[in-house]
Amino acid sequence: MGDRPLPTIYPETEFYWNGAKEGKLLLNSCPSCDKAYFPPRPFCPVCGNRDVEIKQASGKGRLYSYIINHLPAPGYEPPFTVAVVMLDEGVKMVANLLDCPPDPEALILDMPLEVTFEQRGDVAIPQFKPAGGVA
Amino acid sequence: MTRASIAIVGAAETTRMGKVPELSQTGLHADAALNALADCGLTLADIDGVATAGHDVAEIIQYLGITPTWYDGTSVGGCSFITLVRHAAAAIETGLCKTVLITHGESGRSNNRSHRPLFPSMQQQEFESIYGPLFPPSRFTLPVMRKMKDDGLTVEQIAMVAVVQREWAALHPRATAHDPLTVDDVLNSKMIAYPFRKLMCCLVSDGGGALILTSADRAKDFPTKPVYLRGMGGESAEGPMISQMESFSSSKAFRVSGKMAFESAGITHSDVDHLMIYDAFAHLPIYGLEDLGFVKPGEGGAFIAEGHTRPGGALPLNTNGGGLSYMHSGMYGMFALQESVRQMRGVSPAQIKDAKLSLVHGVGGMFSAAATAVLTSEDQW
Ligand SMILES: [Zn+2]
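Going down the list, the sequences are from chains A and B. Per my numbering, the very first residue in the first sequence carries number 1; after that it's consecutive. Per my numbering, the very first residue in the second sequence carries number 1; after that it's consecutive.
Because the hints were derived from the structure by calculation, they are not lab data. Check each hint, because a few of them may be wrong.
Restricting the straight-line Cα-Cα distance to at most 20 Å, the calculated cross-link-like pairs of lysine to any residue (SDA-like) are [to be verified]:
| no. | chain 1 | residue 1 | chain 2 | residue 2 |
| --- | --- | --- | --- | --- |
| 1 | B | K149 | A | P104 |
| 2 | B | K190 | A | P79 |
| 3 | B | K198 | A | F80 |
| 4 | B | K149 | A | E105 |
| 5 | A | K35 | B | S247 |
| 6 | A | K92 | B | S121 |
| 7 | B | K353 | B | A170 |
| 8 | B | K198 | A | P102 |
| 9 | B | K190 | A | P104 |
Based on the provided sequences and hints, a complete structural model is requested.
Structure below.
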């Protein structure tokens, strides 16, 4: 079945993965636009500002969209959920939903989610689960 | 009066398609190219511009023995061939070359090739595919649950796209699938990526196609009925990370590309007699109808389910059966163009009577890019 895929980490994204190791979801944010953005890059994709910040996200969001994947993927046992999470900071990111069955009855769009981390070797992968316990 | 400036004078698909294990991907490009040359009575020596996507354009040039003064290898996914039509038109207009050959070949099923055609995206790998959506059916479908909630789109409406397109495919001897489908057939087919089932996903085929473009004033020298470009079409891109689409109910790349094509052609929606919208998955014609402005946002699913795009409907759409039923090599955009050309020549097995204007719109990657072209049988308007 193999191992789950690992991200190829580049110099510009190292902070994000280092943060995850410490249990923090870190986002780039532009002080001029007063807005977080994703995925990380050392300039603001709206205004081009290179003077951007790194901020810890609240880790809270909601289920924005999803599919239940029945196709094979290394380290995964289908079916499993691939979700898009809308963070409270207004950025979208992909995650699997932990502590939640891959079942449309349990996957209610806009339900509140919170960040958690999945260890894959040396890398901590940001993941999400229903806020306040099992759905 | 505006006179057409660019014409498609040669057009052909590979001799065989579907399962073509006897040809490599390079061989599929060549088979399509030679068929398109035969179609318009030209030889390889007449070609001075070459364009392709998903394959090194220089290899195609060498394999065919062409010495070009212009080439283009823009490769943004399946819509690239529609993009290349407008790039070729610009090159001919500006005198960079006179006669352009655009080729597509893809060994999507037999996999007689050294590489897959789409460039891997670094950020898509780092932030999306690590979560397991490794194949197009589980990536391209990711926005759809959101659209269903926000717009009231139903899974039955998505299934109807496959049902209606099968009705068109039944008219095409070369289509892969001919047997009639019902909504129940689609909703009972194998689950691939909820809510998408197998019959909402494209075929996987071998095949190719080629087009030959030149200036309109030369077009009448050719044996085939010329098909003219009306305006310069449109293109845009939003990028390979589908999770970062600005809206999950609408493609920005579709909207920008479509608007540009309508404005450049100077047409309105009621001028369009025939429409092709690249359907790698059944939701794409729904997004396409809305983003191109044929219906209001959120009304695409109902429009198709009501039968407006089926044989006999007011807006014939994907009249070859599309990627769902005709064939899907991986970069299907060339096949959408081929059906538009056949319709404008009046020779499609699913011919729309008196059709004079065809709009062809394609997606590249997973909502990553888009391109639009307007073809017409008329040399002035
Ligand atoms: Zn900014």
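*Of the hints given before, which are not true for this structure?*
Hints that this structure does not satisfy do not exist here, as all of them hold.
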